Amino acid sequence: MSDNEFAPSDTHLTALQLDAIKEVGNIGTGNAATALSGLLSTRINMTVPQCEMVSIYELGEHYGDPMQIVGAVFVRSLGGFQCSLIFIQNEEDAALMVELLLKQQFGTFIPVGEIPQEMTDSALSEVGNIVLSSFLNAINMLLGTQHQISVPGVAHDMLSSILDVVASIYGQMGETALLVNTELSVEGLESGRKVSGHIILIPDPDALEMLLRKLKVM
Amino acid sequence: MAENSIVLGMADLLVIRAPVKLITLGLGSCIGLVVYDSFAKIAGMAHIMLPNSRGLMASEKVGKFADTAVPRIIEDMVKLGATRARIKAKIAGGAQMFALPGMSADFLTVGAKNVSETMLRLRRLGIALVASDTGGNKGRTIEFSTSNWMLKVKTLGKGVSEI
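So the sequences go chain by chain: A and B. If you count the first sequence from 1, position 166 lands on 166 in the working numbering, and the numbers rise without skipping. If you count the second sequence from 1, position 33 lands on 33 in the working numbering, and the numbers rise without skipping.
If you're looking for bench data, these hints aren't it; they were derived computationally from the structure. Check before you lean on any hint, since a few could be wrong.
[Stated by the list, open to error] As a list, the in silico DMTMM-like pairs of lysine to aspartate or glutamate whose alpha-carbon atoms are at most 20 Å apart: (1) A:Lys-194 with A:Glu-209; (2) A:Lys-216 with A:Glu-23; (3) B:Lys-41 with B:Asp-67; (4) B:Lys-158 with A:Glu-118; (5) B:Lys-158 with A:Asp-121; (6) B:Lys-138 with A:Asp-121; (7) B:Lys-158 with A:Glu-91; (8) B:Lys-88 with B:Asp-76; (9) B:Lys-21 with B:Glu-3; (10) B:Lys-138 with A:Glu-92; (11) B:Lys-152 with B:Asp-12; (12) A:Lys-103 with A:Asp-121; (13) A:Lys-214 with A:Glu-183; (14) B:Lys-138 with A:Glu-91; (15) B:Lys-79 with B:Asp-12; (16) B:Lys-154 with A:Asp-65; (17) B:Lys-21 with B:Asp-133; (18) A:Lys-216 with A:Asp-19; (19) A:Lys-194 with A:Glu-99; (20) A:Lys-194 with A:Asp-206; (21) A:Lys-22 with A:Glu-190; (22) B:Lys-138 with A:Glu-118; (23) B:Lys-138 with A:Asp-65; (24) B:Lys-88 with B:Glu-60; (25) B:Lys-88 with B:Glu-162; (26) B:Lys-88 with B:Asp-106; (27) B:Lys-152 with B:Glu-60; (28) B:Lys-154 with A:Glu-183; (29) A:Lys-22 with A:Asp-121; (30) B:Lys-41 with B:Glu-60.
[Stated by the list, open to error] Not close to chain B: a few residues of chain A, all C-beta gaps over 10 Å, as computed: (31) Met-53; (32) Gly-64; (33) Ile-115; (34) Val-165; (35) Ser-185; (36) Leu-212; (37) Arg-213.
Nothing here was measured: the structure is a model prediction, and the numbers come from that model. Every residue gets a Cβ at the ideal spot worked out from N, C-alpha and C, and that includes glycine.
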């Protein structure tokens, strides 16, 4: 793929605007981390969000191995600031996150490996729901907007198939998607393994102008 | 004869002479379209993302939209020496990766629209659709062999099928 196809030909954003959107992501992430920390009763680390313009043709590669199996929770938010959000984890991390939640709620004796997938999916969707709705609450508070959030949808599949949803949101408008990407992680587990997940915020293309106006960078 | 493999990315469209294996990885709502003329030994694949260009995107990749990809791939086949009446088509993909109860949004059901638009465009050009594996809620990886003209479809949790 040539370089000029990667250029944000359809959405022109200045460095200041990208920074402002990044700050929105930061506020959302802080709240999401707090909520997840409360849910799991553990310390959560967060990264500084990236606000990125990504070619829709390269989404799969952009977030890692396009063929890796991931667990993803997707929600749609309607209201003043319309957007979609995905909480995405590699499959192993998703399973560990569910285990953390179930052990926290029901005690360490719970046989996590024997629980049917509908129930672990329900737990995963609850983790995603809490993370993503906390993220959204903070953003809408900042913007002074009202919002409703959909019931979460869960999928386990190849990263590149999951990210088709981003391509179908941005594809009709052009060739570049604006994404805010941040990572939450749980460390200090007995196993010594880090469990992490990415929050990807996908603003509706026509919600961007409103967002920039509210942030007074347009 | 050994087949070299070519992997097509999003919105790519390619027509080649056998022997070559054409591959598309991780189709979600996108469509993998293959067309072939087994007599002339020419085949093509397109990784279609969306149903309709709405006439706006003249400068974009033609493989991106069903309404631009289908006529172009047939045109390219004929240019390379395929006979139109012999061209057959197979499609896979068009899943709905997420279902949100009580919420409807165009982009969530784009897979089904990709399928219907691709089929409509093939029908309009008189191209026979001989096999398909579409819909559902799972991603697919596809490989098209130009030695037996079979499309191998791999789906997570369902294994491999050949259509």
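ask   = Would you say Val-165 (chain A) is clear of chain B, with no C-beta pair closer than or equal to 10 Å?
value = 6 Å, violated
Given hint Glu-190 (chain A) paired with Lys-22 (chain A) - CA-CA distance at most 20 Å = 33 Å, violated
task = Compute the least Cβ-Cβ separation between Gly-64 (chain A) and chain B, then decide whether it is above 10 Å.
result = Given that every Cβ of chain B is farther than 10 Å from that of Gly-64 (chain A), nearest at about 12 Å, it holds.
ask   = Hey, Lys-21 (chain B) versus Glu-3 (chain B), does the alpha-carbon distance stay inside 20 Å?
value = 6 Å, holds
request  = Take the C-alpha atoms of Lys-158 (chain B) and Glu-118 (chain A), compute the straight-line distance between them, and say whether it is at most 20 Å.
outcome  = Holds. Lys-158 (chain B) to Glu-118 (chain A) sits at ~18 Å (cutoff 20 Å).
query = Is the hinted pair Lys-79 (chain B) and Asp-12 (chain B) satisfied, with a Cα-Cα distance of at most 20 Å?
reply = Since the Cα atoms of Lys-79 (chain B) and Asp-12 (chain B) sit roughly 18 Å apart, the hinted pair holds (cutoff 20 Å).
ask   = Lys-194 (chain A) and Glu-99 (chain A): Cα distance at most 20 Å?
value = 13 Å, holds
task = Mind checking the alpha carbons of Lys-88 (chain B) and Glu-60 (chain B) for me, to see if they're no more than 20 Å apart?
result = The hint is violated at about 26 Å.
ask   = Holds or violated: are the alpha carbons of Lys-194 (chain A) and Asp-206 (chain A) at most 20 Å from each other?
value = Answer violated: Lys-194 (chain A) to Asp-206 (chain A) is near 37 Å, above 20 Å.
inquiry  = Hinted pair, alpha-carbon criterion (20 Å max): Lys-158 (chain B), Asp-121 (chain A). Please report holds or violated.
reply    = The given pair, whose Cα atoms are some 19 Å apart, holds under the 20 Å limit.
query = Does Asp-65 (chain A) lie within 20 Å of Lys-154 (chain B) when you go C-alpha to C-alpha?
reply = 17 Å, holds
key: Closest CB of chain B to the CB of Ser-185 (chain A) still more than 10 Å away   = 24 Å, holds
Checked against the numbered hints given earlier, this structure breaks hints 1, 3, 13, 20, 21, 24, 26, 27, 28, 29, 30, 34; the rest are met.
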